[in-house]
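K.L.:
Residues per chain, in single letters:
There are 2 protein chains.
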Amino acid sequence: MLEISQRGQAMPVSPFRKLAPYAEAAKAQGKTVYHLNIGQPDIQTPPQLLEAVQRAHIGVLGYSHGAGTESYRRKLAAYYQRTGIPAQFEDVMVTTAGSEAILFAFLTCLNPGDELIVAEPFYGTYTAFAIAAGVKIVTVTAHIEDGFALPPLADFEAVISPRTKAILLCSPSNPTGYVYRRDELEALLGLCQKHDLYLLSDEAYREYCYDGATATSALSLPGSEQHVVVMDTISKRYSACGARIGALVTRNQQVWTAAFRFAQMRISPPGLGMLLGEAAAELPPSYFDETRAEYQARRDLTVRHLRAMPGVSCPVPGGAFYVIARLPVDDAQLFGQWLLEEFSHENQTLMLSPANGFYQTPGLGQQEVRLAYVLNQRDLEAAMVCLAEALKVYPGRVELAEVQLSEAHAS
Amino acid sequence: MLEISQRGQAMPVSPFRKLAPYAEAAKAQGKTVYHLNIGQPDIQTPPQLLEAVQRAHIGVLGYSHGAGTESYRRKLAAYYQRTGIPAQFEDVMVTTAGSEAILFAFLTCLNPGDELIVAEPFYGTYTAFAIAAGVKIVTVTAHIEDGFALPPLADFEAVISPRTKAILLCSPSNPTGYVYRRDELEALLGLCQKHDLYLLSDEAYREYCYDGATATSALSLPGSEQHVVVMDTISKRYSACGARIGALVTRNQQVWTAAFRFAQMRISPPGLGMLLGEAAAELPPSYFDETRAEYQARRDLTVRHLRAMPGVSCPVPGGAFYVIARLPVDDAQLFGQWLLEEFSHENQTLMLSPANGFYQTPGLGQQEVRLAYVLNQRDLEAAMVCLAEALKVYPGRVELAEVQLSEAHAS
Chain A
1 MLEISQRGQA
11 MPVSPFRKLA
21 PYAEAAKAQG
31 KTVYHLNIGQ
41 PDIQTPPQLL
51 EAVQRAHIGV
61 LGYSHGAGTE
71 SYRRKLAAYY
81 QRTGIPAQFE
91 DVMVTTAGSE
101 AILFAFLTCL
111 NPGDELIVAE
121 PFYGTYTAFA
131 IAAGVKIVTV
141 TAHIEDGFAL
151 PPLADFEAVI
161 SPRTKAILLC
171 SPSNPTGYVY
181 RRDELEALLG
191 LCQKHDLYLL
201 SDEAYREYCY
211 DGATATSALS
221 LPGSEQHVVV
231 MDTISKRYSA
241 CGARIGALVT
251 RNQQVWTAAF
261 RFAQMRISPP
271 GLGMLLGEAA
281 AELPPSYFDE
291 TRAEYQARRD
301 LTVRHLRAMP
311 GVSCPVPGGA
321 FYVIARLPVD
331 DAQLFGQWLL
341 EEFSHENQTL
351 MLSPANGFYQ
361 TPGLGQQEVR
371 LAYVLNQRDL
381 EAAMVCLAEA
391 LKVYPGRVEL
401 AEVQLSEAHA
411 S
Chain B
1 MLEISQRGQA
11 MPVSPFRKLA
21 PYAEAAKAQG
31 KTVYHLNIGQ
41 PDIQTPPQLL
51 EAVQRAHIGV
61 LGYSHGAGTE
71 SYRRKLAAYY
81 QRTGIPAQFE
91 DVMVTTAGSE
101 AILFAFLTCL
111 NPGDELIVAE
121 PFYGTYTAFA
131 IAAGVKIVTV
141 TAHIEDGFAL
151 PPLADFEAVI
161 SPRTKAILLC
171 SPSNPTGYVY
181 RRDELEALLG
191 LCQKHDLYLL
201 SDEAYREYCY
211 DGATATSALS
221 LPGSEQHVVV
231 MDTISKRYSA
241 CGARIGALVT
251 RNQQVWTAAF
261 RFAQMRISPP
271 GLGMLLGEAA
281 AELPPSYFDE
291 TRAEYQARRD
301 LTVRHLRAMP
311 GVSCPVPGGA
321 FYVIARLPVD
331 DAQLFGQWLL
341 EEFSHENQTL
351 MLSPANGFYQ
361 TPGLGQQEVR
371 LAYVLNQRDL
381 EAAMVCLAEA
391 LKVYPGRVEL
401 AEVQLSEAHA
411 S
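Chains as they are written, first to last, in the numbering used here: chain A, 1 to 411; chain B, 1 to 411.
Hints listed in this document are in silico derivations from the structure and should not be mistaken for laboratory results. Fair warning: this is a prediction, and the values are worked out from it, not measured in the lab. A hint or two may mislead.
Facing chain A, a subset of chain B residues (Cβ under 8 Å, in silico) [to be verified]:
hint, residue
1, Met1
2, Ile4
3, Pro41
4, Val60
5, Ala97
6, Arg181
7, Arg182
8, Arg251
9, Pro269
10, Pro285
11, Ser286
12, Tyr287
Beta carbons are placed, not taken as given, at the ideal position from N, Cα and C, and that holds for glycine.
Using the sequences and the accompanying hints, generate a full structural model.
P.N.:
Following this line, the structure appears as C-alpha cells:
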C-alpha cells in the first residue's frame with residue numbers, strides 16, 4: 001500500500017482557511033462576505049515597487065546569489081539600520097517570504113524532536129513548519145485578560161526541558177496585535193542566555209504599531225548577537241504578500257552559515273520579487289505614516305464596535321492588524337460556520353478566524369475569534385454591523401463572565 | 001552552548017560551488033574564467049515572458065491560491081497535455097521552483113528515516129533536500145561505460161528494504177545528460193508497482209533532447225497514476241531560473257492533497273513569477289526548436305573536443321545540457337582547483353564541477369567532471385581549447401585504461 005508520510009498526514013489545515021468552503025457556498029448564494037479571516041492587506045502595493053520591476057532590463061532572468069542579490073541585501077541592511085536594528089549586509093539573507101525564513105530557522109536551530117517554546121495564541125502556521133521540520137512546539141499561555149502580554153517567566157521556566165532549543169516570539173503579534181515591551185524582550189533574552197536557547201523573532205509587522213509606539217527588535221537588544229534570529233518579510237510592510245520576499249537576519253555567523261546551506265539547497269530567492277523588494281527598501285520612512293494612520297483608524301473602529309456589542313470583550317491591540325475578541329457564543333467555530341451558512345444582514349455576512357486554531361492547548365480560545373482589519377473603513381463598518389446583528393440572533397449565544405481587562409497591559 | 005542542528009551541520013556544499021573561491025581568486029588576478037560548472041542557461045529569457053510581467057496591472061500584489069493562480073495552472077495543464085502528459089488542472093500544483101517540488105515530494109512521500117533509491121551520479125542537491133527532510137538516499141550506480149543508462153533492475157532490487165518508499169529519477173539527466181528510454185521507465189514503474197514505491201520524476205530538462213529524440217514523462221506511462229510524482233520547473237525550459245517557478249504534478253489525489261498542506265504552509269508561490277510562467281506556458285512548441293538546435297550544436301562541439309583530447313572519454317549525452325567526461329587526471333577536484341589557481345592559456349581558464357560531488361559512494365567519479373554547455377559556441381570553443389591545453393601540462397596527469405563505451409546505450 002502506498003502511504004502518505006506521517007508528517008503529510010499530520011499537517012494541519014490553516015486556521016484562517018477552515019471555513020473557506022462555507023464562504024464559497026455563501027458567495028454562491030449571492031451573499032456579500034466580508035473577509036476578516038486572513039491578513040491579506042487591501043492597501044495598494046506602492047506603485048513605485050511594481051514600476052521598479054517593470055522598468056528593469058532583463059536579458060537572462062538568472063539565479064542570484066543564494067542569499068539574494070548584493071544590491072538588495074545592502075539596501076535591506078540600510079533599512080534595518082535606519083530602523084535601529086544593527087544588521088550589516090553580511091547578516092542579511094533574503095528568503096522566499098517570511099515562510100522560508102521560519103523554515104530555515106527551524107531547520108538550522110533545532111534537531112528533530114527538539115522543543116520550541118511559543119506563547120499561545122500564536123500564528124497557526126508555525127505548527128505546520130514545526131511538523132515539516134520535526135520540531136515539537138511547547139506552549140505557555142497568554143491571556144486575553146492581560147491583553148495577551150508576555151506570560152510570567154516562571155511559566156517559561158516551567159516548560160524548559162533538556163530538549164528545549166529555542167523560544168519563538170512574534171511582535172507585533174499575529175494573532176493578538178500585542179507589542180512586546182522592551183523589558184519583556186529583555187526578560188526573554190535573559191532566559192535564553194541563562195538556558196542557552198535561541199530567540200527566534202518574527203517581526204513581520206514591525207512597522208505597524210499605533211498610538212505613537214514603536215516595536216523593539218530583539219536584534220537591537222544588547223547581548224542578542226548569539227541568540228537572536230529575526231524572521232522578516234516585506235509582505236505586510238508594503239502590501240506585497242504575493243512577491244514572496246522575506247529575510248533571515250542574524251549576527252550569529254554560525255547560524256547564518258548553516259542557514260545559508262539550506263538557502264543554497266534551493267539556489268536563490270525569487271528574482272523579480274527582489275527587484276520589487278529593492279525599491280521597497282528605498283521608500284522613505286514617511287511611507288509608513290499614512291498606512292499606519294489608516295490601520296490605526298481601522299483598529300479604533302473595530303475595537304469601538306466590538307466593545308459596544310453586549311458580552312463582547314477585546315483588548316486594544318497595540319500593533320499588527322489583528323484583534324482577538326471573546327464573543328458570547330457556545331463555540332466560535334460553530335458561530336463562524338453559522339455566520340456563513342445561516343446568517344445574513346442585508347444580504348451580507350462576514351468570515352472570521354476561530355481562535356482555537358491559534359492555541360495548541362485543547363479547549364482554549366473556544367469563544368475567541370481573530371479579526372483582521374484589512375478592509376476599507378466602510379466595509380469594516382458594515383462587517384461590524386453584521387457581527388453585532390448576528391450576535392443578537394445567534395441561537396448558540398451564551399452569557400460569559402465579563403472579562404476584566406488589565407488596561408496596564410492592554411495597549 | 002548554542003549549537004547548530006545536526007542537519008544544519010550535515011548540509012553539503014553544492015558540488016558545483018566547491019571551487020567558487022578559487023574562481024573568484026582567478027578573476028581577481030585578471031583571468032577570464034569560463035563557467036562550465038553551473039547549469040545557468042545563457043540563452044535569453046524570451047522577451048514576451050518579461051513583457052507579460054511588465055504589462056500586468058497590479059493594484060495589490062496579494063497572495064494567490066496555495067497551488068498557484070487558476071489561470072496559470074490551467075495553462076500549465078494545457079502545456080502538459082500538448083506534450084503528451086495526461087495532467088489535468090487539478091493535478092497541477094505550482095511551486096517555488098523545482099526545488100520546492102522536490103522538498104514537498106520528499107516531505108509527503110517519505111517519513112524521516114525512510115529510504116529513497118537514486119541512481120548515481122545524481123543532482124547533488126537531492127542530498128541537501130534529503131537531509132532537510134530526514135530521508136536517507138540509497139544509491140545504485142550507473143556507469144560511464146554504459147553512457148549512464150539505467151542500471152540493471154537487479155541492482156535496485158538488491159537495495160530495496162522495508163524502509164524504501166520511493167525511487168527518484170531525473171530524465172533527461174542532470175548531471176549525465178542520459179535520457180531514459182520508455183522501456184527503462186516502464187521497468188522502473190514495474191518495480192515501483194511490485195514493491196509499493198513512489199516514482200519521483202524530475203523532468204526539468206524535458207524539452208532538451210537531441211537527434212530527434214523526445215523525453216518520455218513517467219506520468220504518461222499506463223499504470224503510473226498512483227505512483228508517479230513529477231517535479232518540474234520552468235527554469236531551464238525557458239532560461240528563467242530566477243523566476244523560481246516550478247510545479248509538482250501527480251494524479252495521486254492523496255499525494256496531491258497532502259503536498260497541498262505543505263504548500264498552504266508557505267501560503268503561495270511567487271506572484272510575479274507566475275505571470276511570467278503563464279506567458280511561458282503559452283509559447284508555441286516551435287519556441288523550443290531553435291533553443292534545442294543551439295544546445296545540440298554546443299553538445300556536438302563539446303563532445304567532439306573532449307573526444308579529441310588524448311585519454312579523455314565521454315558518452316554522447318542525449319539531452320539536458322551536461323556531459324560527464326572522464327579525464328586522465330589523478331583527481332578531478334584537484335585538477336579543477338589547479339585550473340583556477342595555477343593554469344591559464346592566453347589568460348583564460350575554466351571552471352568545471354568535479355563529478356565526485358554527484359556520487360554518493362565514496363571514491364566514485366574521482367576522474368570525472370561535469371561540464372555544462374551553457375556558453376555561446378565561441379566561448380565554449382575557447383573553454384575546450386583551454387581544457388585541452390591544461391591536460392597537456394597538468395602535473396597530476398595519469399594514464400587511464402581506455403573506457404569502452406557501449407554505443408548502444410551512449411546516445
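K.L.:
Now, for every hint given, state plainly whether the structure supports it.
P.N.:
The hints, checked one at a time:
1. Evaluation of the Met1 of chain B hint against chain A yields a held restraint, the C-beta minimum of about 6 Å falling below 8 Å.
2. Evaluation of the Ile4 of chain B hint against chain A yields a held restraint, the C-beta minimum of about 5 Å falling below 8 Å.
3. For Pro41 of chain B, the shortest C-beta to C-beta distance to chain A is roughly 7 Å, which falls under 8 Å, so the interface hint holds.
4. Because the beta carbon of Val60 of chain B sits about 6 Å from the nearest beta carbon in chain A, less than 8 Å, this interface hint is met.
5. The interface hint given for Ala97 of chain B holds, since its Cβ lies 7 Å from the closest Cβ of chain A, which is under the 8 Å cut-off.
6. The criterion of a C-beta within 8 Å of any C-beta in chain A is not met by Arg181 of chain B, whose closest approach is roughly 25 Å, and the hint is violated.
7. The restraint placing Arg182 of chain B at the interface with chain A is violated, with a minimum CB-CB distance near 23 Å, outside the 8 Å limit.
8. Given the 8 Å rule on beta carbons, the hint for Arg251 of chain B is violated: about 12 Å separates it from the nearest Cβ of chain A.
9. Interface restraint check: Pro269 of chain B against chain A, minimum CB-CB distance 7 Å, threshold 8 Å, status holds.
10. Evaluation of the Pro285 of chain B hint against chain A yields a violated restraint, the C-beta minimum of about 21 Å exceeding 8 Å.
11. Restraint check, Ser286 of chain B versus chain A: the minimum CB separation of about 21 Å is more than 8 Å; hint violated.
12. A least Cβ separation of about 16 Å between Tyr287 of chain B and chain A goes past the 8 Å threshold, and the interface hint is therefore violated.
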